[in-house]
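Going down the list, the sequences are from chains A and B. Under this note's numbering, think of the first position of the first sequence as 1, with each following residue one higher. Under this note's numbering, think of the first position of the second sequence as 1, with each following residue one higher.
These are calculated hints, taken from the structure and not from any lab test. Among these hints, one or two may not hold up.
Unchecked claim - These stretches of chain A come out as covered by chain B in the derived footprint (C-beta under 8 Å, 3 or more residues):
#1 17-23
#2 140-151
#3 155-168
#4 181-188
#5 220-234
Using N, Cα and C, we set each Cβ at its ideal position, and we do this for glycine too.
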Amino acid sequence: MEAAMGLMRRMPPRHSETALSALLSLLPHNSSDLLSQVDLPLQVLSDDDSGKRFILCEYNRDADSYRSPWSNKYHPRLEDAPYPSSKLRQLEIEANDIFTVYCDQYYEGGISSVYMWEDDNEGFVACFLVKKDGSKTGQGRRGYLEEGTWDAIHVIEVGPEEETTRYCLTSTVMLSLTTDDVSSGTFSLSGSIRRQMNMNLPVADGHLCNMGKMIEEMEGKLRNSLDQVYFGKTREMVCTLRPPSEVLPMRLPDS
Amino acid sequence: MAEEEETELSDDQKKGIAKWFLVNAPAGEIQYVSKDLKLVLNDDDVYNEAASEAFPVYNKSHLISLKMPGGFGDVLVTSYGELQDNEYLDPKTAQVAIVDHVKQACTKVRPATDEELPSAYVEEYRCALEAEILKYVAEAYPKGSSSVYCTNGKDVEEPGSDFDLVVVIAAARLSPQNFCNGSWRTIWNIEFKDDIQKLELNGKLLVGAHYFEEGNVQLDTKHECRDSTMFQCVNNKCSDLMLPMLLELMCEYRIRSPDDTAISVANLIRRHETAYMASLEESYFKLSDNTFKDLRRKLPITRTLFPWRSTRQFSLKREISEELGIGK
């Protein structure tokens, strides 16, 4: 299993699906471990009842069917499938509505879904998902990207309701982007990172408010570290390989 | 996914998968990949077979550089210098390196035979270009290697026929302790077209970088370009006494200069590679403010953090919508 994760850490992120299916076929007995530890680009289905699209993940799956957060129905239909309690379903409906607004604000499009379910310790778990196609043929408003995808998975475990409740967030972002023009050819970056954040927050502020703020902060951090740290490191590497000719000792103005 | 049948893979299928992992290893990481892969496969026969097929492919496509025994310096493993499966010509020293692909080591060297080397005529051009490229690479790449091969027409003895040279430049920086590896590879194919006195250049530039501290982010770029120049001639230092007509006649028989031709080619390569480096810098520069925005903005359209409210339940959505001035 450790070796399998080692391989996932080295294979090009844009080939993560191929890499995972290769590992699954080599290690059929570890399939559930692999599926729970490796995040893959998100898949989408259309909900016929609401006409909206929703995101598929392990948390809304039962057998080969997936529950839509919009109609609360499984696609394809499934008898005796699990549903969240009606109280939690109310929170889920609300979370989906608000998260759609949030995504419009940050993603200028994209698809979002939120799933919730009760866990064994009197709390609940919520999973917030975003998928954005930022390519110029997709929802990339500025048309810079030949290809561009962003997938975010946020799983929050919410502890038993007390005055201050414990929220444990695990977030993964997977992205790939490619620009292509005649003068500079193709330039592509792809990657994935995962981070955790734990907080104790007053339940009086409301679960959605607490979870939302954590997700917003986390997404900002992940985006920033991809942009500044991860992309920055690859740029540093390129400049080490062939230092740009402009890098001559620069004189700083006297201040 | 849930109750997928566990069909046992055939050895051939396993080998195919193993080769895929090896060939897709980032620059400088195939040995790490092979270590993990051996554990995952748990089948030495399949692994060995896959490794013996995948390593040569990887080594040649990554243009790896190996130290030759006997103080001959380094040899580049490329398809252009490949004589046999594990024999690679080093044109600089006229040695042939015997390579163990899986160990990524050069085990022996032998002098190249006359048949393996270009004719004296072609060699003059090759050697002149090699000298210019070595100079350029030493200036532009802190840790670069280069080789110039004749890939076509190596037995051409005199002007009148075409031949091709290939310039290979490779620079790799491996720094696994800093979770970072990268490689720069450029391949220039140069066609010496005798009848039209012209040299046509086709360049392929590839850059890769991998940063994997608590994550996995990879850069992958590819650019192709073309250019051309003329065979350069020895400067005509004729006196003023010469008749213009005679001058013109002489032009037909001007003496070609391999050295000046090499300088002209190296200058073109330098110019294109410098421009490409600048375009990579430009791509990075645009990334943070423009390109990335099409995936996710730094801040919402309103430029302030999202108004998550300490309100309860249903009212939250309505208030947010009002605040943002959307919907009812």
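Hint by hint, here is what the structure shows:
Check on the stretch 17-23 of chain A: 4 of its residues sit with their Cβ under 8 Å from a Cβ of chain B, so the three-residue criterion for coverage holds. Only when three residues or more bring their CB closer than 8 Å to a CB of chain B does the claim for the stretch 140-151 of chain A stand; here the count is 9, and the claim holds. For a cut-off of 8 Å, the count of residues in the stretch 155-168 of chain A with a CB near a CB of chain B stands at 0, and the three-residue condition is violated. With 6 residues having a Cβ less than 8 Å from any Cβ of chain B, the stretch 181-188 of chain A passes the three-residue criterion, so the hint holds.
Counting residues of the stretch 220-234 of chain A whose beta carbon lies closer than 8 Å to any beta carbon of chain B gives 10, which meets the minimum of three for the stated coverage.
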